[in-house]
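Please build the complex by placing chain B on the supplied structure of chain A, with the hints as guidance.
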Amino acid sequence: MTQEKTNLEKKTSGEVQSEAEAVGLTYVPAVDIYENEHGLVMRVEMPGVDEGSANVHIEKNLLSIEGKVHTEVPEGYSLVRAENDAGAYRRAFQLSGEIDPAGVKAKMKNGVLQVLLPKREEAKPRKIEINVN
Amino acid sequence: MTVLLERFGDPWSVLREMEEMQSRMNRAFGQWGGPAGGRYPSINVWTASDGVIVDLALPGVDPKAVDISVEGDRLEVSGTREPGATEKDARYHGKECYEGEFARAVHLPFRAEAGKVSARYRNGVLRISVPRAEADKPKQVTIEVS
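Residue numbers (my numbering), protein chains in the order written: chain A, 1 to 133; chain B, 1 to 146.
Next up, chain B with everything else stripped away, as it sits in the complex:
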């Protein structure tokens, strides 16, 4: 088999190799490694009094293959990723991109207005906006003095 890639033998690439090995080990050790605890995809969560925004890092995914479900105070995103080569004669030198089913669930600080959830996919980031349910918003109670 022809070797089309080589690696440098200089110190900076050794550091890079260690970095890469660390992230490979993080992925291999699943729940013990990395900021996302080995879960895929990684997420960022923003909150405000009236809603929550969740960013999921999902590059190269067909939005139709992603399922977003909101129930009460729980948001769940799941789907499948197939980043593989389409050609039959493809020979892999390295395969790091996540392949297969994924699912992440976020526990929201309030009950969601399920009908008003919106999602946008841009640059491989899926941004889901979940507004707070009207019934769940805090209400001011006037005290009657008699």
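One chain only, chain A, in its complex shape:
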């Protein structure tokens, strides 16, 4: 039975010329989500993805996250163990109406994408003054 080469192995041996050819696998990144008084904070782990290769997209309350993995293939070496193959991270979340899509911010550092999703003003907890007449 022939062993198919992983996409990373193909890149190493020079069989694959362009990023487009090596479509690779789709990975589901590990995500931590927590809520504080301002809204949601999402921590998406995408090792091997730099700032320029990460995409955060919101359309009609659907938050889509994508990150392309760039592996610097060392010259003169051959791949003997590949637990991570070439490919892209992809994950999508449905946001509730309480999130203000216009206020969503994202930043990327050390392979971790942090997405801040603020709640709309009306959705934030508010203390209501009681009028006594």
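Just so you know, the hints here were simulated from the structure itself, not pulled from any lab data.
As the structure is a computational prediction, the values presented were derived from the model and not from experiment.
Do not rely on the hints blindly, as some may be mistaken.
As the list claims (entries may be wrong) - Which residues of chain B face chain A? A partial, calculated answer using Cβ under 10 Å: (1) Arg16; (2) Leu58; (3) Ser78; (4) Thr80; (5) Pro83; (6) Ala114; (7) Val117; (8) Ser118; (9) Val145.
Yeah, the Cβ is synthetic: ideal placement off N, Cα and C, and Gly gets one too.
Chain B alone, transformed into the frame defined by chain A:
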């Protein structure tokens, strides 16, 4: 508790849910699941005649919290990961990122030049370059004919 996230009910998201459930099960079943056998972090290993390069997927880690040790023909990387929220009033909706201690060991095909091991951390990937020990390199022996 307010529900701020919902999931689609359409077929593509059902496939995605199954995918995610599979990877959660892989992580939960530890050594029986996934390409890394459930071990954290996952690694890629490249070899050449003069050295070995090991890539470890370790996003969001402080390089100071990682210990790299090389002895003979064994490379060991260990440390702790604390990806948690810093705020006290944080309420978690989902927690998938690995938290706690980790360790991976790689058996090298030669003895390493321990003093010349270098490591670089970029985009959450820790790349360790281990050169082969001079004494361990193959030597050509000339045959004397007398």
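Tell me the hint numbers this structure goes against, listed in increasing order.
Violated: hints 3, 4, 6, 7, 8, 9.
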